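Novice: Those protein sequence lines, which keep their order, are chains A and B.
Numbered by the numbering used here, the letters in the first sequence go through residues 44 to 524 in order.
Numbered by the numbering used here, the letters in the second sequence go through residues 44 to 524 in order.
Please keep in mind that the hints were generated in silico from the structure rather than gathered at the bench.
Heads up, none of these hints are tricks.
No copy is singled out in the list; a pair is fine if it fits within one copy or between any two copies.
Capping the alpha-carbon separation at 30 Å, the derived lysine-lysine pairs in DSS-like fashion look like this:
no.: 1; residue 1: Lys152; residue 2: Lys365
no.: 2; residue 1: Lys135; residue 2: Lys101
no.: 3; residue 1: Lys383; residue 2: Lys152
no.: 4; residue 1: Lys365; residue 2: Lys273
Every value quoted in this text rests on a predicted model; they were computed, and no experiment measured them.
Protein chains: 2
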Amino acid sequence: MFATLDGIFHPSSIAVVGVSANEFRENCMGWLPRLLSFGYQGRIYPVNPRASEVMGLKVYPSVGDIPEPVDYVIFNIPARLTPQIMADCAAKGVKAVHVFTAGFSETGKEEGRRLEEELSSIAREGGIRVIGPNCMGIYYPKEGLTFFPTFSKEAGSVAFVTQSGAGAVRLVNLANERGIRFSKVISYGNGCDLDGTDFLDYLADDEETEVIACYIEGVRDGRAFFEVVKKCMKRKPVVILKAGVTEGGAAAAASHTAALAGSQWVWEAFFRQTGAISVESLEEIIDVVLALMHFPCPRGPRVGIVCRGGGFGVIGTDSCEKVGLAVPSFTEETRSQLEKVLPEAGASVRNPVETALGLAGASQFYQEGLRMVGADPQVDFILIHIGVDVYGGVGLSSLAEQLEQTMDILIETVKTMTKPVVVVLYPGARPDALAAVAQAQQRCLEARLPVYPTIEAAAKAVSRLIQYNKFIEEIGRELVH
Amino acid sequence: MFATLDGIFHPSSIAVVGVSANEFRENCMGWLPRLLSFGYQGRIYPVNPRASEVMGLKVYPSVGDIPEPVDYVIFNIPARLTPQIMADCAAKGVKAVHVFTAGFSETGKEEGRRLEEELSSIAREGGIRVIGPNCMGIYYPKEGLTFFPTFSKEAGSVAFVTQSGAGAVRLVNLANERGIRFSKVISYGNGCDLDGTDFLDYLADDEETEVIACYIEGVRDGRAFFEVVKKCMKRKPVVILKAGVTEGGAAAAASHTAALAGSQWVWEAFFRQTGAISVESLEEIIDVVLALMHFPCPRGPRVGIVCRGGGFGVIGTDSCEKVGLAVPSFTEETRSQLEKVLPEAGASVRNPVETALGLAGASQFYQEGLRMVGADPQVDFILIHIGVDVYGGVGLSSLAEQLEQTMDILIETVKTMTKPVVVVLYPGARPDALAAVAQAQQRCLEARLPVYPTIEAAAKAVSRLIQYNKFIEEIGRELVH
Numbered sequence: 044m045f046a047t048l049d050g051i052f053h054p055s056s057i058a059v060v061g062v063s064a065n066e067f068r069e070n071c072m073g074w075l076p077r078l079l080s081f082g083y084q085g086r087i088y089p090v091n092p093r094a095s096e097v098m099g100l101k102v103y104p105s106v107g108d109i110p111e112p113v114d115y116v117i118f119n120i121p122a123r124l125t126p127q128i129m130a131d132c133a134a135k136g137v138k139a140v141h142v143f144t145a146g147f148s149e150t151g152k153e154e155g156r157r158l159e160e161e162l163s164s165i166a167r168e169g170g171i172r173v174i175g176p177n178c179m180g181i182y183y184p185k186e187g188l189t190f191f192p193t194f195s196k197e198a199g200s201v202a203f204v205t206q207s208g209a210g211a212v213r214l215v216n217l218a219n220e221r222g223i224r225f226s227k228v229i230s231y232g233n234g235c236d237l238d239g240t241d242f243l244d245y246l247a248d249d250e251e252t253e254v255i256a257c258y259i260e261g262v263r264d265g266r267a268f269f270e271v272v273k274k275c276m277k278r279k280p281v282v283i284l285k286a287g288v289t290e291g292g293a294a295a296a297a298s299h300t301a302a303l304a305g306s307q308w309v310w311e312a313f314f315r316q317t318g319a320i321s322v323e324s325l326e327e328i329i330d331v332v333l334a335l336m337h338f339p340c341p342r343g344p345r346v347g348i349v350c351r352g353g354g355f356g357v358i359g360t361d362s363c364e365k366v367g368l369a370v371p372s373f374t375e376e377t378r379s380q381l382e383k384v385l386p387e388a389g390a391s392v393r394n395p396v397e398t399a400l401g402l403a404g405a406s407q408f409y410q411e412g413l414r415m416v417g418a419d420p421q422v423d424f425i426l427i428h429i430g431v432d433v434y435g436g437v438g439l440s441s442l443a444e445q446l447e448q449t450m451d452i453l454i455e456t457v458k459t460m461t462k463p464v465v466v467v468l469y470p471g472a473r474p475d476a477l478a479a480v481a482q483a484q485q486r487c488l489e490a491r492l493p494v495y496p497t498i499e500a501a502a503k504a505v506s507r508l509i510q511y512n513k514f515i516e517e518i519g520r521e522l523v524h
Numbered sequence: 044m045f046a047t048l049d050g051i052f053h054p055s056s057i058a059v060v061g062v063s064a065n066e067f068r069e070n071c072m073g074w075l076p077r078l079l080s081f082g083y084q085g086r087i088y089p090v091n092p093r094a095s096e097v098m099g100l101k102v103y104p105s106v107g108d109i110p111e112p113v114d115y116v117i118f119n120i121p122a123r124l125t126p127q128i129m130a131d132c133a134a135k136g137v138k139a140v141h142v143f144t145a146g147f148s149e150t151g152k153e154e155g156r157r158l159e160e161e162l163s164s165i166a167r168e169g170g171i172r173v174i175g176p177n178c179m180g181i182y183y184p185k186e187g188l189t190f191f192p193t194f195s196k197e198a199g200s201v202a203f204v205t206q207s208g209a210g211a212v213r214l215v216n217l218a219n220e221r222g223i224r225f226s227k228v229i230s231y232g233n234g235c236d237l238d239g240t241d242f243l244d245y246l247a248d249d250e251e252t253e254v255i256a257c258y259i260e261g262v263r264d265g266r267a268f269f270e271v272v273k274k275c276m277k278r279k280p281v282v283i284l285k286a287g288v289t290e291g292g293a294a295a296a297a298s299h300t301a302a303l304a305g306s307q308w309v310w311e312a313f314f315r316q317t318g319a320i321s322v323e324s325l326e327e328i329i330d331v332v333l334a335l336m337h338f339p340c341p342r343g344p345r346v347g348i349v350c351r352g353g354g355f356g357v358i359g360t361d362s363c364e365k366v367g368l369a370v371p372s373f374t375e376e377t378r379s380q381l382e383k384v385l386p387e388a389g390a391s392v393r394n395p396v397e398t399a400l401g402l403a404g405a406s407q408f409y410q411e412g413l414r415m416v417g418a419d420p421q422v423d424f425i426l427i428h429i430g431v432d433v434y435g436g437v438g439l440s441s442l443a444e445q446l447e448q449t450m451d452i453l454i455e456t457v458k459t460m461t462k463p464v465v466v467v468l469y470p471g472a473r474p475d476a477l478a479a480v481a482q483a484q485q486r487c488l489e490a491r492l493p494v495y496p497t498i499e500a501a502a503k504a505v506s507r508l509i510q511y512n513k514f515i516e517e518i519g520r521e522l523v524h
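Same shape as in the complex, but just chain A (with noise of 0.2 Å):
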């Protein structure tokens, strides 16, 4: 099973069946294009009976017309012309098809229910394996296989499987922002072959696969993927968005990928038993896969924060205890220490803590604070706000330089001090802001230092990364980091 999913991610030939003569037409870039832009190296064959060349290639009549093998085929044409193009793939030896037309089981209909059973029945007699239909296929950046060309084309070690094509164009996209690389991508829509419960047995023996996320809205068979799932949290970290947990969302799961949603406390055992990590959102999975990736998991719950702005200090508290958290007072030996060293007013010493990071940016003590809460043997790991909207617009200095030269002294202390850090950068509302904090956050990640928007997101992701430590541990497996 490795061997034949692991052929489908290293194809020799693409055929891409359903070309037009004009693959740029309707300003929808074909899958042709996608190909070539991102650098796929292997043989292409366009396919249409009604044109001769597209883009500086052949177009073959059908599948069967090209003279050489074909390993992989995806289908870009109405439901209805399927099966007779499944037949012509099991008839020239085809391994796999990415079937990207929709209006199969999704639309709930009778016809599309038989449809989708005649080409899965075509494909399974004729030894081909099906990604789909209804959905994105693979991004692959290693083989320069891609289903949308704004992502990176850096290969990285997080695997992502979803049943959302989209989900996965706007996860792809806000992970790519927020340093994150991946191994392989698979949208397998309505999984009418391949599915969730495959590919994650695949992405267990990948070696080029550290962390693996999943959206899933159902399952086939529900032990099955329990095992899988088992198996695979024993090599690496599992992260699940299940979508259709409420009523509406299960039958708009039905709707979406025909999925069979399972009610919500079977999918709490679920949880429970894998130890897999369960999120809510796509936010979620990227806060959490940054944390599995850069933060070493702490000795224990107890975070020493450094922030700009008491306001921030006291909701990142709540933030913090709300989720299991602990933001406990410093020893009386920190509090003296950091008294010295803060400007007399405005700075608690309790924790959270205002390290002399002012309005024009951090101070010559920001330094040494940082490192007596690093110190402080209350403290397992350190939270570092940087309240980027107090920045620049008073000064005369830009918030550019301001960020920059706080981010200096930040690296430069974090490299010394032996507990997890993790960093929370507000994206900032200020049109000025934005370049300067993504870059700020690009020599954070570079510093391997995981970056949030929020307290909140941060706080949310390092209470999960704990839970899953502690369940690996009982388990048996070796930590993370």
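With the hints as your guide, set chain B onto chain A.
Specialist: The following block gives chain B in isolation, referenced to the frame of chain A:
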């Protein structure tokens, strides 16, 4: 009391105690340039015993040396010097002061507490009202008063009363970006004299204010605060972020503004009895305020979702139902109508519906689809989700063009619809999306359509609006809108 507080917002003259010879020193714009740059039209008197002129204005050695009456004084001097200046102000007949200076009771030290008491007592005896200490003071665009130079100079109808100065800066910046303008914003820190209760009492009667938002860490007199919120709620909605609700949060509040946070169950009872809208973050304040401003309360909780990307429909349905909204199936009639105008494939007609908002932007059928959903009797309001991430990138026309065309159709169509509409526009992770999304948001706001960054945020805000209106109906005040 109203006249006293209203006077504070309309000072004929302001003295700034603690200007330096160079008000731009240390990259931190002083209070003088903030007032001058923001357009304050009254007389301004800088005070400093060791300077003679700053920014073209004569500097006075002390408040007493100013030859004309002074209404309002800003203290920007070390805490230990404040009692003397307060005594000078009393002798001069000053009406109100804003003590920016920190280092009082919030330090948790005997010295700070004593200093704050001394300051209060001098003010009380001299008949001076105090904003602060340890706060940012007033942002009142109509009068040209501000504590941050980048805030909008345009006046609006939302008031914000807050114990957090940095929170105020962030909230106003974020709210400005999302189309919200303010009547008055007051950051009052420790509130040694005037506190949240006083400002709410004033705002209840303030004709410039239609919506009141609040960030509070604690109140001195719980009963008085309860009564004033009840009074406000009879006239206008009150949104409250109560910070310091966890044990650690309460401790943090004590060292931020010396606030007594109170127990969680007391606050739960408070919200239940006053009907004030409870939120958990600054972002949620903005979400609710937007709904109060631009979203006529729907007749019920049943939402029709029009989305781009089936996965978002499923996640979005979960988000709605988790907060008490319902996502019912459309009627048979609506479904069969929708089927006629939707593309054959990949579009559910149940609810959520994907109405031909394709990769290339809105198709010719988008308008018809929106209208059908709006006309469905099962639906009380409409949530339109625009999947910005799948725009552009795969097309020849830009994301901006596609989004603009979608907005043309959307705004024109919504004008003819009778049910309330809320729009969800993901900010978009790709840099090319930012400006386009900001522009689209602007157009929605001009058409009085509230815009949210996620379906989750929109659902929460609408759910709170419905709850608020239910409460108001029960107490017998007119509904919002």
